[in-house]
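Colleague: Next come the chains, spelled out residue by residue.
2 protein chains.
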Amino acid sequence: MERPDPGGLQEVERVLVTEKSWRPCPKARRRLRGCLEWVKKQLFRVGEDWYFLFFLGVLMATISFMMDFLVSRLYQAHQWLYQEIGDILVLKYLSWTMYPMALAAFSSGFSQSITPHSGGSGIGELKTILTGVVLEDYLAIHNFGAKVVGLTCTLACGSTLFLGKVGPFVHLSAMAAAYLGKMRTSVTGEYENKFKQNEMLVAAQAVGVATVFGAPISGVLFSIEVMSSHFAVRDYWRGFFAATCGAFMFRLLTVFSSEQETIVAVFKSDFKLDFPFDLLETFFFLILGAICGLVGCAYLFCQRWMMVAVKENWLTAKLLATDKPIYTVLAVLLLASITFPPGLGQLMASRLTMKEYLTSLFDNRTWGALVPNSSWVGDPPGGLWQEWFHPSATIFGTLAFFLVMKFWMLILATTLPLPAGYFMPIFIYGAAIGRLLGETVAFLFPRGLHTGGTPRPILPAGYALAGAAAFSGSVTHAVSTALLVCEATGHLGHVLPTVLAVLVANAITQKHQPSFYDGPIIVKKLPYLPPIRSRHMASYQVVVEEFMERQVVALAKGDGFEEVLVALDASADAEYPVLESTGPPMLVGTISRTQLVAFLQSHKHPQAPPEEKLATTGTLGDNCTIEPIMLQLSPWTSLHQAHHLFELLKLQRIFVTRFGELVGAVSRVELRRAIEELTNPK
Amino acid sequence: MERPDPGGLQEVERVLVTEKSWRPCPKARRRLRGCLEWVKKQLFRVGEDWYFLFFLGVLMATISFMMDFLVSRLYQAHQWLYQEIGDILVLKYLSWTMYPMALAAFSSGFSQSITPHSGGSGIGELKTILTGVVLEDYLAIHNFGAKVVGLTCTLACGSTLFLGKVGPFVHLSAMAAAYLGKMRTSVTGEYENKFKQNEMLVAAQAVGVATVFGAPISGVLFSIEVMSSHFAVRDYWRGFFAATCGAFMFRLLTVFSSEQETIVAVFKSDFKLDFPFDLLETFFFLILGAICGLVGCAYLFCQRWMMVAVKENWLTAKLLATDKPIYTVLAVLLLASITFPPGLGQLMASRLTMKEYLTSLFDNRTWGALVPNSSWVGDPPGGLWQEWFHPSATIFGTLAFFLVMKFWMLILATTLPLPAGYFMPIFIYGAAIGRLLGETVAFLFPRGLHTGGTPRPILPAGYALAGAAAFSGSVTHAVSTALLVCEATGHLGHVLPTVLAVLVANAITQKHQPSFYDGPIIVKKLPYLPPIRSRHMASYQVVVEEFMERQVVALAKGDGFEEVLVALDASADAEYPVLESTGPPMLVGTISRTQLVAFLQSHKHPQAPPEEKLATTGTLGDNCTIEPIMLQLSPWTSLHQAHHLFELLKLQRIFVTRFGELVGAVSRVELRRAIEELTNPK
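Line order of the protein sequences matches chains C and G.
FYI, in our numbering the residues of the first sequence are 1 to 682.
FYI, in our numbering the residues of the second sequence are 1001 to 1682.
Just chain C, same shape as in the assembly:
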């Protein structure tokens, strides 16, 4: 290699040559070093979002996998106990009921003792946080451990409790994101950004869903649909990236643990792909959608009724207030007694786990056609569908009995104060509805609906898929469940009828009932903004002046110690408006409560003894930074516009000015009241 020797570089070159004369090509080496520096800089940008998202995805996937692993071991222990105990019915009954009772009681007691926020799925609260309301405790990291342990115990109860994992996992992943975000800001020293925090929470939800179902795309979509009314496309990319990392890691771990040979869908099915469904069957899929929608309405209504009833009944209310584990134990005892396999359990396939329920319902074979050909003993083991077969009730009887019993059992289970998800049971329930209809159609048309040519038998599994999507979609008011079933089973052949069924079911439920996640928000009275329906054209006519709060505690620029003290006493707002001291009350800006408190602490009370070494009397205008006003409403802004702004900008409170003068304020409370008056006019 040549070494050029221009005049200017001579000196430098010489030094280099003298110092390290035994190393060749200093130029190339310098360039290489520069390159490595650049790579290093790229790799160690700690604050970079994408590393953060990657880490979040991988972390949650690992936790999800570990939890699954632990749950399956705990469940196996229960099965082993149940089988080893012999044929004595009482012992069998005790082992069947005691194990889940103990686990549920521990789950309930442990999680509640650490933090009262860890019960339930946590999605309602997360939804409220995403609208901009601050519920700090909900994302505190000490909830994390409680929820992980509690959820593991809940899931280990298996199908006795019939509860799932999705909701709490979304909550867990939001907690992890919030904690990692705090760590990041403390490491990089950046100032904490509200926008960025929200972006991360949105990505965390997607990770939560994706690491449970191993479905990145529908994970993102489902979390968007369930959580927000508006979203930014940049959030969507972040969610996509994090969810893919999570889902990939989650599936990868199953390969490393030798469960699977390569990466496949979570509930892999082996459908016949060549002829998924006949065109005429679309009609039955639409009927299935309608049935799911109606059952969804009934379920939502009963669940909300039950939530209120449990709170109002003096016995349950007292138990839930003081002795949560006892309430849990009693409810689980009832549920476990009903699912006891030698008793009623044999009519509802209660020996299957949650995953086996789904796998069996998505079974490719037509059960109705299998039954006459096989006996209970002769068939090879592993046919999960046999659990559904009962000699006297037939599969139709067991499926119907399962649906009737699980309806109220599931509603009872949702009142339990333990960390648990309610999506998976709904998913299975929907699959059972679909399977029942599918088997019925297959029974009615054993040669299929195809008129000419070769007979094309009907696939009841397709109905199970569509049913799962339609019922879970109708209950959660989401349409992306259609994609979720496809991704979770790895089968796309039924995507169109599934989407149709989901749309029909959603049309029915959205019209008549608030969603599964909004119900608890309404019951718990969280500060959530109801939507304005498009048919409420009156929302364009109602203006802010009519519903704004007129009594706003305000400060003036020249105010001193005493006025600030009075204002702080008069209201508990987080922000106080500051007005011009002279002339009309022009709005100048806002001061936060914490800043006012700091002002009070650093200034002297006018009547204080003079030896205190604090600054002498000062005014807000001189000694306190006043935040300028970014945005203000007019008294003539319409309700519709105000609602739109609150939703889009995640506002909490905004001031109303007329020609610059402060005339009032609007917060979520006033907005909600105005919308309610619009919906139910007096």
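No lab work stands behind these hints: they were computed from the structure.
Don't take each hint at face value.
[Unchecked claim] Ranges between beta-carbon positions, derived for each pair:
{"no.": "1", "chain 1": "G", "residue 1": "R1673", "chain 2": "C", "residue 2": "A572", "range": "56 to 62 Å"}
{"no.": "2", "chain 1": "G", "residue 1": "V1187", "chain 2": "C", "residue 2": "P116", "range": "54 to 60 Å"}
{"no.": "3", "chain 1": "C", "residue 1": "P116", "chain 2": "G", "residue 2": "R1029", "range": "58 to 64 Å"}
{"no.": "4", "chain 1": "G", "residue 1": "R1029", "chain 2": "C", "residue 2": "A393", "range": "38 to 44 Å"}
{"no.": "5", "chain 1": "G", "residue 1": "T1625", "chain 2": "C", "residue 2": "A572", "range": "38 to 44 Å"}
{"no.": "6", "chain 1": "G", "residue 1": "S1392", "chain 2": "C", "residue 2": "C35", "range": "37 to 43 Å"}
{"no.": "7", "chain 1": "G", "residue 1": "F1195", "chain 2": "C", "residue 2": "V134", "range": "28 to 34 Å"}
{"no.": "8", "chain 1": "G", "residue 1": "S1602", "chain 2": "C", "residue 2": "T679", "range": "39 to 45 Å"}
{"no.": "9", "chain 1": "C", "residue 1": "E627", "chain 2": "G", "residue 2": "R1673", "range": "23 to 29 Å"}
{"no.": "10", "chain 1": "G", "residue 1": "W1050", "chain 2": "C", "residue 2": "L94", "range": "53 to 59 Å"}
{"no.": "11", "chain 1": "C", "residue 1": "P635", "chain 2": "G", "residue 2": "R1673", "range": "32 to 38 Å"}
{"no.": "12", "chain 1": "G", "residue 1": "I1287", "chain 2": "C", "residue 2": "V134", "range": "44 to 50 Å"}
[To be verified] No more than 27 Å apart at the CA atoms, straight line, and that leaves these computed lysine-lysine pairs for DSSO-like:
{"no.": "13", "chain 1": "C", "residue 1": "K650", "chain 2": "G", "residue 2": "K1194"}
{"no.": "14", "chain 1": "G", "residue 1": "K1196", "chain 2": "C", "residue 2": "K650"}
{"no.": "15", "chain 1": "C", "residue 1": "K182", "chain 2": "C", "residue 2": "K194"}
These numbers come from a predicted model, not from an experiment.
Backbone N, C-alpha and C define an ideal beta-carbon position, used for all residues, glycine too.
Following the hints, position chain G against chain C.
Modeller: Okay, now just chain G, sitting in the frame of chain C:
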């Protein structure tokens, strides 16, 4: 049936019985009639969105199907001509080149003669419209016919031109939605709602994509990603519904026309599902993503360069300005000569149609393994892959040659002034990249990468899938193409590696090049708002005061004829601010330009002859409705916040007030200038 006879109803009953005594059960009949009335009312709610969306979906699906049908017939005519003409090379050449030349010239001339807006894909303009800018002509219905006819001719040129259908179809469906919306408002007499119109346009985009690919879910997602930066979930449901109707209808029509036995994916593939890919192959998928990202960058750069070069070169600029068909004919002649099958065309499989290109590239077999076993003649016909085989060049040679040639040919084709989409060619190009890499990997590892157990051969088709998604995703800056390939082929096995490849490709392209749809917006200088990158933290420091327009033409409340005339002359704004006439210039509200013109027309000029029968002199405050101000910025609002508001609320211009006094205005122009200064500081 019993007829109860309570006292109150006796009279009514008697009348009924007397009048129609020969008809039984009046009560049941009355109830039935009420029921029918209700059903009728439900069915005939003309203004109801869902009927509208259904109709839109079905309409566009029908048009899409008809167009496909016509195109295939026109293409068959060309093939017939080419085969019938015998073996004389000159005649063959003429028939090969003249047919597409004539079609393209007609397409270009016809569409341009009706409206100059019908060229290109129209997505850039639609994107601009969706940000709130009014480009009325673009959605005018007379574009519709021109674009349909032009697009049919363009598509009938087949793979010679190598252009697609998606972009124009999105534009077509937006035009249809706008027209139907206008019809609806004129029928129902509702006042035209800007929000509603936007909702419909968003749904229309989804319909456009869904009716081309028969893919409802990814249709919605793709249109969201490409079109907007923020999205409302309620729009998403509408899009979903309309897209499903469209996709279902589109697939249904193929069944009715006996093309398919039942509803299947558009590019149905028959992949082996049991072992889609080995874990180690993920590495190659990542490499594929990186390659697609780099090629995407190069493509975007060259395309933008070409767009500018064609405009600046005096010859092409003159041709494009006056003789568009001649430019088209010359370019098509060049393209057709290169693809002439006995010439260079045999090295790039030029006899395949666009659809056959995709089907062949997604072929389940490994071409490299097929070649040694078969000869050109011996293999059964229908193996499309044989078109890719050339005895001296092998499939690797033809694929590489295809990629090199199509790179510049496609860029040349995008400059043609005819209605055409550029997504499909990019999709095919990506599939070819993927196939080439897949075949190479399969050649290097003939027994697959699986270490122990049975050998699992590598599926090059999986790479083609991932390549198509990654390249089209990187060029359009979208990640939902990953789902699009899955829906279009009905195969979900490769979803995870595909998503990974798409993410890698996107990461590379988004960092270095504006997207395929933003490029033309930049070149055409449409009023589009550039995004603020998250690393531009300075956008929090720049405040509105620094970049707002200070010279705002304003009116006062007491202004009369002459002042209004002066103001209308002084600026061409759509809205004028109105100030308080006395005291400081307080902002009262706004008046639209059209209202001011009406005011001028209805009022008398002060110097007019007194015989005119118009109202005498009046002032704005008394004789003109002043719209109240909804929203106003402060001079201290940050650039970031202002940008956020413009994006979210689709604002065009907003006034800035300091303590109620008008101090300036901010429009997209000022905002863009401020952002550009931030990106390229002086």
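Colleague: Return holds or violated for the Cβ distance of F1195 (chain G) and V134 (chain C) against the range 28 to 34 Å.
Modeller: Given about 30 Å between the Cβ atoms, the range holds.
Colleague: Within 53 to 59 Å or not, the Cβ separation of W1050 (chain G) and L94 (chain C)?
Modeller: Holds - the Cβ-Cβ distance for W1050 (chain G) and L94 (chain C), about 55 Å, lies within 53 to 59 Å.
Colleague: Given the hint of 44 to 50 Å, check if I1287 (chain G) and V134 (chain C) actually sit that far apart at their C-beta atoms.
Modeller: Since the Cβ atoms of I1287 (chain G) and V134 (chain C) sit about 45 Å apart, the hinted range of 44 to 50 Å holds.
Colleague: Given a hint of 56 to 62 Å, does the C-beta separation of R1673 (chain G) and A572 (chain C) actually sit inside it?
Modeller: violated, 43 Å
Colleague: Is 58 to 64 Å right for how far apart the beta carbons of P116 (chain C) and R1029 (chain G) are?
Modeller: holds, 60 Å
Colleague: Assuming the hint says 39 to 45 Å, is it satisfied by the Cβ distance from S1602 (chain G) to T679 (chain C) or not?
Modeller: holds, 41 Å
Colleague: Holds or violated: the 38 to 44 Å window for the beta-carbon distance between R1029 (chain G) and A393 (chain C)?
Modeller: holds, 43 Å
Colleague: State, for the Cβ atoms of T1625 (chain G) and A572 (chain C), whether the hinted interval 38 to 44 Å holds or is violated.
Modeller: Roughly 41 Å apart at Cβ, these two residues keep to the hinted range, so it holds.
Colleague: Using the Cβ atoms, figure out if V1187 (chain G) sits within 54 to 60 Å of P116 (chain C).
Modeller: For P116 (chain C) against V1187 (chain G), whose Cβ atoms are near 56 Å apart, the range 54 to 60 Å holds.
Colleague: Hey, K1196 (chain G) versus K650 (chain C), does the alpha-carbon distance stay inside 27 Å?
Modeller: holds, 22 Å
Colleague: Is the gap between the beta carbons of E627 (chain C) and R1673 (chain G) within 23 to 29 Å?
Modeller: Distance hint for E627 (chain C), R1673 (chain G) holds at roughly 26 Å.
Colleague: The hint says 32 to 38 Å between P635 (chain C) and R1673 (chain G); measuring C-beta to C-beta, is that right?
Modeller: holds, 33 Å
Violated hint: 1 only; the structure is consistent with all others.
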